[in-house]
Amino acid sequence: MNLKKIILFIIVFAIGFFGTKYLFKKDDDSSKNSENQQTETEEWVSLFDGKTFNGWHNYKTKTISDEWQIIDGAMVFTPDPNKDGGINNLVTDNDYTNFKLSIDWKISEGGNSGIFYGVFEDEQFSVPYQTGPEIQILDDLNHPDKEKETHRSGALYDMIAPSEKAVKKVGEWNTCIIEINHKTNAGKIWLNDKEIVSFQVSGKEWDAMISKSKFKDWPGFGTYKTGKIGLQDHGNTVSFRNIKIIEL
Numbered sequence: 001m002n003l004k005k006i007i008l009f010i011i012v013f014a015i016g017f018f019g020t021k022y023l024f025k026k027d028d029d030s031s032k033n034s035e036n037q038q039t040e041t042e043e044w045v046s047l048f049d050g051k052t053f054n055g056w057h058n059y060k061t062k063t064i065s066d067e068w069q070i071i072d073g074a075m076v077f078t079p080d081p082n083k084d085g086g087i088n089n090l091v092t093d094n095d096y097t098n099f100k101l102s103i104d105w106k107i108s109e110g111g112n113s114g115i116f117y118g119v120f121e122d123e124q125f126s127v128p129y130q131t132g133p134e135i136q137i138l139d140d141l142n143h144p145d146k147e148k149e150t151h152r153s154g155a156l157y158d159m160i161a162p163s164e165k166a167v168k169k170v171g172e173w174n175t176c177i178i179e180i181n182h183k184t185n186a187g188k189i190w191l192n193d194k195e196i197v198s199f200q201v202s203g204k205e206w207d208a209m210i211s212k213s214k215f216k217d218w219p220g221f222g223t224y225k226t227g228k229i230g231l232q233d234h235g236n237t238v239s240f241r242n243i244k245i246i247e248l
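Here the sequence shown stands for residues 1 to 248, numbered as in UniProt numbering.
Be aware that one or more of the hints could be misleading.
[Claimed, not checked] Listed below are the simulated EDC-like cross-link pairs for lysine to aspartate or glutamate, each with C-alpha atoms no more than 20 Å apart in a straight line:
| id | residue 1 | residue 2 |
| --- | --- | --- |
| 1 | Lys165 | Glu121 |
| 2 | Lys204 | Asp193 |
| 3 | Lys106 | Glu121 |
| 4 | Lys183 | Asp217 |
| 5 | Lys244 | Asp93 |
| 6 | Lys100 | Asp217 |
| 7 | Lys148 | Glu179 |
| 8 | Lys100 | Asp49 |
| 9 | Lys60 | Glu121 |
| 10 | Lys244 | Glu147 |
| 11 | Lys168 | Asp122 |
| 12 | Lys244 | Glu43 |
| 13 | Lys60 | Glu43 |
| 14 | Lys216 | Glu172 |
For the record, the hints were derived by calculation from the structure and aren't laboratory data. Values in this document were obtained by computation on a predicted structure and should not be read as measured data.
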């Protein structure tokens with residue numbers, strides 16, 4: 001075999017060996033990515049199937065009021081002017097302690113609503129907000145609560161204002177992610193991919209925030225580490241969809 005043939009053989013062998021090795025490496029990486037994506041997806045548990053209210057009920061009842069309907073895959077609350085407002089709050093059947101919740105919401109013009117966590121369902125409390133801290137939902141342009149920063153969309157209501165304006169226009173869907181972790185004593189709120197609130201969920205800082213809020217004389221407020229997640233009836237039309245949770 002002459003020199004040219006030897007060089008050609010070496011080149012062909014090298015291309016074949018390293019090319020095959022790269023090919024298999026690429027497949028392995030792809031497989032790992034696929035496994036990671038599948039694991040991440042499987043961690044989320046849906047709290048709303050888009051068709052029924054399975055897993056939910058009105059606070060302190062076993063029923064769902066007529067004001068709540070499922071329309072186009074969303075839970076929609078439409079207040080009835082002939083009925084008492086503020087009492088048709090939805091809560092989960094299950095209790096949660098450490099979790100990350102993702103939920104899409106859409107508010108009506110001039111509307112107000114909220115998302116609760118740590119709701120303690122008991123006869124001594126008439127509504128969820130007596131125990132459960134609230135992440136505010138608001139029409140920041142038209143509702144009078146806009147005048148107070150801790151009452152704007154994404155705020156930990158009456159305690160921490162959002163660090164920046166992340167809410168979309170009225171009638172558009174917003175995605176809110178709420179993380180509550182008592183193991184690390186940390187709470188965080190994201191609105192439309194922006195982290196806008198962080199706080200300690202218990203301890204001296206938490207107690208100090210409550211002492212400066214409207215809840216300072218409410219004995220049950222923010223005291224339950226384990227509780228239900230709630231959706232507020234504030235007398236305005238509001239919609240929710242894509243509700244899912246990861247327990248931490």
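Right, here's what the structure says about each hint:
no., hint, in the structure
1, Lys165 x Glu121, "33 Å, violated"
2, Lys204 x Asp193, "29 Å, violated"
3, Lys106 x Glu121, "26 Å, violated"
4, Lys183 x Asp217, "27 Å, violated"
5, Lys244 x Asp93, "14 Å, holds"
6, Lys100 x Asp217, "29 Å, violated"
7, Lys148 x Glu179, "24 Å, violated"
8, Lys100 x Asp49, "18 Å, holds"
9, Lys60 x Glu121, "6 Å, holds"
10, Lys244 x Glu147, "31 Å, violated"
11, Lys168 x Asp122, "35 Å, violated"
12, Lys244 x Glu43, "10 Å, holds"
13, Lys60 x Glu43, "29 Å, violated"
14, Lys216 x Glu172, "34 Å, violated"
Violated hints, listed in ascending order, are 1, 2, 3, 4, 6, 7, 10, 11, 13, 14; each of the other numbered hints is respected by the structure.
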